[in-house]
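> Hey, can you work out the whole structure from these sequences and the hints?
There are 2 protein chains.
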Amino acid sequence: MSTSTDSPVPHFTTALTGPLLLLERQILDRQSAIESWFRSQWRRSPAPFYASVDLRNSGYKVAPVDTNLFPAGFNNLNPAFDALSIQALQQAVEHLGAPVDRIVIVPESHTRNLFYLENLAVLQRLLERAGFAVRLGSLLPELKEETVIPLPSGASARLAPLVRNGRRVMVGDFDPDFVLLNNDLSSGTPALIEDIEQMLRPAPKLGWANRLKSVHFSFYQGVAREFAALLGIDPWFIDPMFRNCGAIDFMKREGQSCLERNVEELLEAITHKYAEYSVQCRPFVMVKADAGTYGMGVMSAHSVAEVVELNRKQRTKMSTTKEGQKVSKVIIQEGVYTHETWGEGNAVAEPVVYMIDHNVVGGFYRVHTERSSSENLNAPGMRFEPLAFEECCITPDPAQGPDAHLNRFYTYGVIGRLALLAAARESQSVA
Amino acid sequence: MSTSTDSPVPHFTTALTGPLLLLERQILDRQSAIESWFRSQWRRSPAPFYASVDLRNSGYKVAPVDTNLFPAGFNNLNPAFDALSIQALQQAVEHLGAPVDRIVIVPESHTRNLFYLENLAVLQRLLERAGFAVRLGSLLPELKEETVIPLPSGASARLAPLVRNGRRVMVGDFDPDFVLLNNDLSSGTPALIEDIEQMLRPAPKLGWANRLKSVHFSFYQGVAREFAALLGIDPWFIDPMFRNCGAIDFMKREGQSCLERNVEELLEAITHKYAEYSVQCRPFVMVKADAGTYGMGVMSAHSVAEVVELNRKQRTKMSTTKEGQKVSKVIIQEGVYTHETWGEGNAVAEPVVYMIDHNVVGGFYRVHTERSSSENLNAPGMRFEPLAFEECCITPDPAQGPDAHLNRFYTYGVIGRLALLAAARESQSVA
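Just so you know, the sequences run in chain order A and B. Read in this note's numbering, the first sequence has 30 at position 30, and its numbers run on one by one without any break. Residues are numbered in this note's numbering as their position in the second sequence, beginning at 1, plus a constant of 431.
Any given hint might turn out to be false.
Beta-carbon label-pair distances, calculated as ranges [as the list claims (entries may be wrong)]: (1) B/Arg595 / A/Gly232: 32 to 38 angstroms; (2) A/Asp397 / B/Gly597: 34 to 40 angstroms; (3) B/Glu707 / A/Asp397: 50 to 56 angstroms; (4) B/Glu691 / A/Asp397: 53 to 59 angstroms; (5) B/Asp606 / A/Ala203: 36 to 42 angstroms; (6) B/Asp460 / A/Ala431: 39 to 45 angstroms; (7) A/Arg25 / B/Ile627: 34 to 40 angstroms; (8) B/Arg475 / A/Glu142: 27 to 33 angstroms; (9) B/Ala706 / A/Val163: 38 to 44 angstroms; (10) B/Val579 / A/Pro150: 58 to 64 angstroms; (11) B/Ala830 / A/Val163: 25 to 31 angstroms; (12) A/Gly154 / B/Glu695: 55 to 61 angstroms.
Everything labelled a hint here was simulated from the structure, so no lab data went into it. Since the model is a prediction, treat every value here as computed from it, not as a measurement. By construction, the Cβ of each residue, glycine as well, lies at the ideal position given by its N, Cα and C atoms.
Below is the structure:
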């Protein structure tokens, strides 16, 4: 399938594509070694049920910046590859190891976000076409009965209350064999789903109330080191450096020295790497809530001064994340420029890769137009235009150049799977 | 992906589509029950590595007429769904249960058939893109060194001699972990691959030297009965009736009475069924070599007289099959009209469904311009135009009519998998 434009893949606006082309060439040339390595890794560390990974491609570096184990956004994928998701879902359920016919998806509770509800409708329909009976079982306390919400796409989301019945959860008289979380449990594990006897994936221990980005990226560091050794490259080309602080209170200005020291050290480390590879960009870092998602509690800084001089509004923004969770731990991550742009306005485009089990099933670009980024600067879950990958990520063609769409998407699929593998090891560590 | 014509799916030329639409509707309505049933079946009887199934669709009946466990024709599938095959191949290899990085495909030995060589090139490339190192290891005794055969598509087939090294087979110094047969072993298992320590699939016991169509269709009968019970339909709608004879010599006219009696009884049984369902067609049977492929040793008969009055040429044609194998056993199968046609000349079109592991990955129509709807389209030297299925077979849409392309292909995928399941049980019975 093609989109209606002549140029369905974002352009690079930087001349610094040499290292990227080299990396992509190395990945293409070593494809069977890479896949062999992945196969051996999945035998040791089974992949999570599903995941999405946000990437940044600066031309000198391709790196994951966030790994979501409760992915939304399935509505942004290219429907031409639905079959790939359907087949992968069948495999993922098969890997649960027990018969499954009925599935309840437990969604996020923000029922007014139509984009999210479109995601739910697509995920439900993919699972149905994979041959399962599926219901959406909401945790929302005010939802008392089944509610059908019509959606702009023409689909609808049929939300019903999830109810507890002994050691099982049900939706009406629908008794699932398997409960699939599409809720990242930012506020902890609800009593409703605690200790249920049904299979429950991903494990609630992987919810954001328990998970730390810094832990994930520690695992990623190990994965990136091994993968870089396989290719004989500097792991920095695929790994964002980071530091973390464990006891921050933005409002009370506690933990400020840890933050300042780490920002300074990280900026120095980036400067050093930029010099090593002649990168002509100004180093910056991202400061993020260590537990959290939805782009809340996030800021960028090009200097230590920027984290010293936080005004009250910035402090407030940094101090809470989704569902009012307080931020006390932060990760300071190497900022990776986005040098892919899209359209006449040169909107910034960031790739997101989707995986089901260990299969890459597609992805899309978050295209941030100027308008939406300025209007929604402080908004949680900022507005973006999705641009589905026009090709899937598992059909590389070594006969074409490393920057051919098929091959660039293959590279994205490889980096996405490295983050997936980090999450798999992370899951094992808490199991 | 669409083909260049407005009407990419063959037309029905019969008014007898009522029973078919009913069957397709029932299959759509019971999709999750059907998929649940398949899941439980694959847990008991693992699917063969790959298979293709020839179907006939008469409008009153959709039935498999041949199941090939060494499928060629991968070059006829829609390249838009390569990713589906790639993902399914990864899964099929994973199900072998031991690490595999290097694969040798053992092809048929007819190296001058460019269509077949295109199939090999596509199969090899799919496996390579799935992340394996792949070589073609030929059994052809006269092939002494690696030979690269350029193909009309622009691809090429790189054939090299398969050599024995102790209890292993190799291609040059390429030592595979897994040997994939794409050769149906019509002449028996070559000594070269006997008792090798490498994994070998499909099992040589499933080669045509050991396999009988009548055994396969006995297993299919059982599968069709169970599936029909699930849907509450007459199994006849999906099952071609058959008889078989064990000691025929067409040249010496031995076994003639068995053949005549079975043709007569089968024609009577078909007449009975046609009356029951008001089918306004003339019953016919197909007489085929019970062991064999490639449409050799095949004839159709509308009356007993036609098998009594075989002339010398017909007897010769019936008496041998591929690689000069003598026919002594025959299967007499209910003839199922092909009422799908294609193009302005109303060429007859018969669907072929492809499966890898238990996944349906696509299919194509064999479109033949000169034969009638009751003749076998897979005749020796027969030229057909392949017409790839424009959609894949695993994305049904209950909101559309049962004859919508997505849904018709889903039905074909279901019937194809019923034959696959029969082959899975057949494999277990010889294991």
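> Could you run down the list of hints and mark each one as holding or not?
Status of each hint after checking the structure:
no., hint, in the structure
1, B/Arg595 / A/Gly232: 32 to 38 angstroms, "36 angstroms, holds"
2, A/Asp397 / B/Gly597: 34 to 40 angstroms, "37 angstroms, holds"
3, B/Glu707 / A/Asp397: 50 to 56 angstroms, "54 angstroms, holds"
4, B/Glu691 / A/Asp397: 53 to 59 angstroms, "57 angstroms, holds"
5, B/Asp606 / A/Ala203: 36 to 42 angstroms, "41 angstroms, holds"
6, B/Asp460 / A/Ala431: 39 to 45 angstroms, "40 angstroms, holds"
7, A/Arg25 / B/Ile627: 34 to 40 angstroms, "37 angstroms, holds"
8, B/Arg475 / A/Glu142: 27 to 33 angstroms, "46 angstroms, violated"
9, B/Ala706 / A/Val163: 38 to 44 angstroms, "54 angstroms, violated"
10, B/Val579 / A/Pro150: 58 to 64 angstroms, "59 angstroms, holds"
11, B/Ala830 / A/Val163: 25 to 31 angstroms, "29 angstroms, holds"
12, A/Gly154 / B/Glu695: 55 to 61 angstroms, "57 angstroms, holds"
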